[in-house]
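Number of protein chains: 2
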Amino acid sequence: MKKNHTVSLCVFFLLLLGAVSVNADDLMDKAKGLFKPLPAKAPDPENNTVTPEKVALGKMLFFEPRLSRSGLISCNSCHNLGMGGDDNQSTSVGHRWQKGPRNAPTVLNAVFNIDQFWDGRADDLKAQAKGPVQAGVEMANTPARVEETLNSLPAYQKKFAAAFPNAKQAVSFDNMAKAIEAYEATLLTPDSRFDQFLNGDSGALNQKEKRGLALFINKGCVACHSGVNVGGNSYQVFGAVEKPGEAVRPSADKGRYAVTKNKSDEYVFRVAPLRNIALTAPYFHSGVVWSLGEAVNIMAKTQLGLVLSEDENAAVVAFLNTLTGDQPEVTYPILPPENAGTPKPEL
Amino acid sequence: MKKNHTVSLCVFFLLLLGAVSVNADDLMDKAKGLFKPLPAKAPDPENNTVTPEKVALGKMLFFEPRLSRSGLISCNSCHNLGMGGDDNQSTSVGHRWQKGPRNAPTVLNAVFNIDQFWDGRADDLKAQAKGPVQAGVEMANTPARVEETLNSLPAYQKKFAAAFPNAKQAVSFDNMAKAIEAYEATLLTPDSRFDQFLNGDSGALNQKEKRGLALFINKGCVACHSGVNVGGNSYQVFGAVEKPGEAVRPSADKGRYAVTKNKSDEYVFRVAPLRNIALTAPYFHSGVVWSLGEAVNIMAKTQLGLVLSEDENAAVVAFLNTLTGDQPEVTYPILPPENAGTPKPEL
Chain A
1 MKKNHTVSLC VFFLLLLGAV SVNADDLMDK AKGLFKPLPA KAPDPENNTV
51 TPEKVALGKM LFFEPRLSRS GLISCNSCHN LGMGGDDNQS TSVGHRWQKG
101 PRNAPTVLNA VFNIDQFWDG RADDLKAQAK GPVQAGVEMA NTPARVEETL
151 NSLPAYQKKF AAAFPNAKQA VSFDNMAKAI EAYEATLLTP DSRFDQFLNG
201 DSGALNQKEK RGLALFINKG CVACHSGVNV GGNSYQVFGA VEKPGEAVRP
251 SADKGRYAVT KNKSDEYVFR VAPLRNIALT APYFHSGVVW SLGEAVNIMA
301 KTQLGLVLSE DENAAVVAFL NTLTGDQPEV TYPILPPENA GTPKPEL
Chain B
1 MKKNHTVSLC VFFLLLLGAV SVNADDLMDK AKGLFKPLPA KAPDPENNTV
51 TPEKVALGKM LFFEPRLSRS GLISCNSCHN LGMGGDDNQS TSVGHRWQKG
101 PRNAPTVLNA VFNIDQFWDG RADDLKAQAK GPVQAGVEMA NTPARVEETL
151 NSLPAYQKKF AAAFPNAKQA VSFDNMAKAI EAYEATLLTP DSRFDQFLNG
201 DSGALNQKEK RGLALFINKG CVACHSGVNV GGNSYQVFGA VEKPGEAVRP
251 SADKGRYAVT KNKSDEYVFR VAPLRNIALT APYFHSGVVW SLGEAVNIMA
301 KTQLGLVLSE DENAAVVAFL NTLTGDQPEV TYPILPPENA GTPKPEL
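Line order of the protein sequences matches chains A and B. According to the numbering used here, the first sequence is numbered sequentially starting from 1. According to the numbering used here, the second sequence is numbered sequentially starting from 1.
Treat the hints loosely; a few may be bogus.
Lysine-lysine pairs mimicking BS3-like chemistry, simulated, CA-CA at most 25 Å apart [as the list claims (entries may be wrong)]:
{"#": "1", "chain 1": "B", "residue 1": "LYS130", "chain 2": "B", "residue 2": "LYS254"}
{"#": "2", "chain 1": "A", "residue 1": "LYS261", "chain 2": "A", "residue 2": "LYS243"}
{"#": "3", "chain 1": "A", "residue 1": "LYS254", "chain 2": "A", "residue 2": "LYS243"}
{"#": "4", "chain 1": "A", "residue 1": "LYS99", "chain 2": "A", "residue 2": "LYS254"}
{"#": "5", "chain 1": "B", "residue 1": "LYS158", "chain 2": "B", "residue 2": "LYS344"}
{"#": "6", "chain 1": "B", "residue 1": "LYS99", "chain 2": "A", "residue 2": "LYS344"}
{"#": "7", "chain 1": "B", "residue 1": "LYS30", "chain 2": "B", "residue 2": "LYS208"}
{"#": "8", "chain 1": "B", "residue 1": "LYS344", "chain 2": "A", "residue 2": "LYS99"}
{"#": "9", "chain 1": "B", "residue 1": "LYS158", "chain 2": "A", "residue 2": "LYS99"}
What follows is a set of in silico ranges between Cβ atoms, one per label pair, in the way DEER data are often shown [to be verified]:
{"#": "10", "chain 1": "A", "residue 1": "PRO250", "chain 2": "B", "residue 2": "ARG96", "range": "18 to 28 Å"}
{"#": "11", "chain 1": "A", "residue 1": "ASP26", "chain 2": "B", "residue 2": "LEU347", "range": "47 to 57 Å"}
{"#": "12", "chain 1": "B", "residue 1": "ASP25", "chain 2": "A", "residue 2": "ALA340", "range": "28 to 38 Å"}
I should point out that these hints are in silico values taken from the structure, not numbers from a laboratory. The beta-carbon is built from N, C-alpha and C at its ideal position, and this holds for glycine as well.
Construct the entire structure; sequences and hints are all you get.
Shown next as structure tokens:
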């Protein structure tokens, strides 16, 4: 009897194990069909071959506060590579302490997004890079003044010439943007536990995280948050099922409508990519939600018309935490010293 | 005749070579008596043993914008390690874009200065580190809020415990300052060409630079700018011989007088250390002079009552350029993500 009992227990556990393992395999197969592991290297951006020379220059420019009128604000100020590629602010603070209109999106893995900015108004990172440099509330500079600054510094002249060997005028605002794009295309965060899972390591996620992933798929989050960046690859109205609260979706910011002037694009935004989402609070374009759990509940409600149980919410959050990858290892660049020809900071 | 002529020419050049080489030896001997090459490692600051754990923590804190009330300003904002350890501003810009009263001194090699700040009001770097964090025009934070921030982040709790294994409360404002001091004590710039010269390599300086060094010694600059940091080791009245212009030495800033209340300390400042001086324009505590040549002329006039020829000025500037050392190679630290308990940015 005891033996029989043991045997049947064993059978039971084996069956259970089989069921779990079949489920896990199913889940992995499903996930592999919906997401893609982050590659070690991004494909070259359009019209911009990534070379070591461009990347080296782009890194300097990314950390170069003299791209701003004040000499105080660099790309890294709002896209801090030590803080998940953003600034942990509701909306960014720029020239003369002005507050920008939207939350700074992460620069990490941004090369995989369909377009850039929350409203997708830039086709790619080289177009994006030109925006903040000129925006009055951000770096408040002009292309001419940027070029004057860069031309005044022999070290930059040399590095632009090396990065753009065929250009008549290597130092240019356009090439600044191209170099920054080339650098940003290297800012990937591979080998998250979710990537390990997608690459076949079933043990990379624990049961709670797997349950979160299953919920993420089965509840419908994946309808928008899919692909290599777990989002970032489509546009959706924020409030597809239910209008979010005014603080979360301020009426005045109509999102992509400002770009296309199509009525149907009112309150449409680029779907947020969710890689490293645990590092990039606060959330949404308004940046008013600091808790990932709260953000998940808002999404479920406004986009899917669902109310998640506490347990479901915790599982989804646990899954989202597995999207944090290896952060880029960056050697802080040494920038060339100014000289008599370098435009002075304007505060 | 031709042969004889050649021979006498050779003798002439040999004599000349001998003369130059004797002079060079003299100069090197003199220089060795007045300056010290930068060591590879600084001695431990008082009451603060430098350990790898403290340095690792201190580096994170040095780059940590959440030490400021706004979450925007870190030590590195004004002491940018990619820009000679300062901010290339006349006077620094802090919380709510307020302008500070004095030019930010470089953090590089600062551990060798007699005291910290232009007026020497901090005895050492751990005392210094507490100043800007609390100053209303700089980071505008409070010790309690800093501790709340650090305590909210498990990664910091762990790192403080490792850095201060015997402390009852490892996470504290005092220990923050100690960790930053430990890190800053590693921010040295060894192996400048001047160091190579001091270490016996006569060829490390060219003739013009050697002439500049000789002038620097013989004209009397060395009376104040000596030692390992070529300055930074004494206090002197700015305007010993002749009062500088109002812009360069604003009447309202009486320097060390504010610290000691001694009449004799009016317009007394800590002598500027000159290492990496070519990287740290603008100059003086007022930060209004952008040209190193102009700064040299002002010093000669106001401190020594001398007018340098253009040629002399150029030689001294050439010498000062040899004080630029190897800049620290810094791997940009990854900072812990905020959570519900972390104080939010206050703008």
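Hints, verified against the model:
Distance check on the hinted pair: B:LYS130 and B:LYS254 sit about 22 Å apart at the alpha-carbon level, within 25 Å; holds. In summary, the hint linking A:LYS261 to A:LYS243 is supported, as the alpha carbons are separated by about 20 Å, within the 25 Å threshold. Restraint check: the Cα-Cα separation between A:LYS254 and A:LYS243 comes to about 13 Å, which is no more than 25 Å; the hinted pair holds. Straight-line distance between C-alpha atoms of A:LYS99 and A:LYS254 comes to about 18 Å, which keeps the hinted pair within the 25 Å bound.
Using a Cα cut-off of 25 Å, the hinted pair B:LYS158 and B:LYS344 holds, with the two alpha carbons roughly 22 Å apart. Simply put, B:LYS99 and A:LYS344 have alpha-carbon atoms about 16 Å apart, close enough for the 25 Å limit, and the pair holds. Taking the CA atoms of B:LYS30 and B:LYS208, the gap is near 17 Å; set against the 25 Å cutoff, the hint holds. Taken as a hint, the B:LYS344 and A:LYS99 pair is honoured in the structure, with Cα atoms around 16 Å apart against an allowance of 25 Å.
Under the criterion of a C-alpha separation no larger than 25 Å, the hint pairing B:LYS158 with A:LYS99 is inconsistent with the structure, at around 34 Å. A hinted range of 18 to 28 Å for the beta carbons of A:PRO250 and B:ARG96 is consistent with their spacing of about 24 Å. Separated by about 48 Å at the C-beta atoms, A:ASP26 and B:LEU347 satisfy the suggested range of 47 to 57 Å. Taking 28 to 38 Å as the suggested C-beta distance range, the pair B:ASP25 and A:ALA340 conforms, at roughly 36 Å.
The structure shown violates just one earlier hint, number 9.
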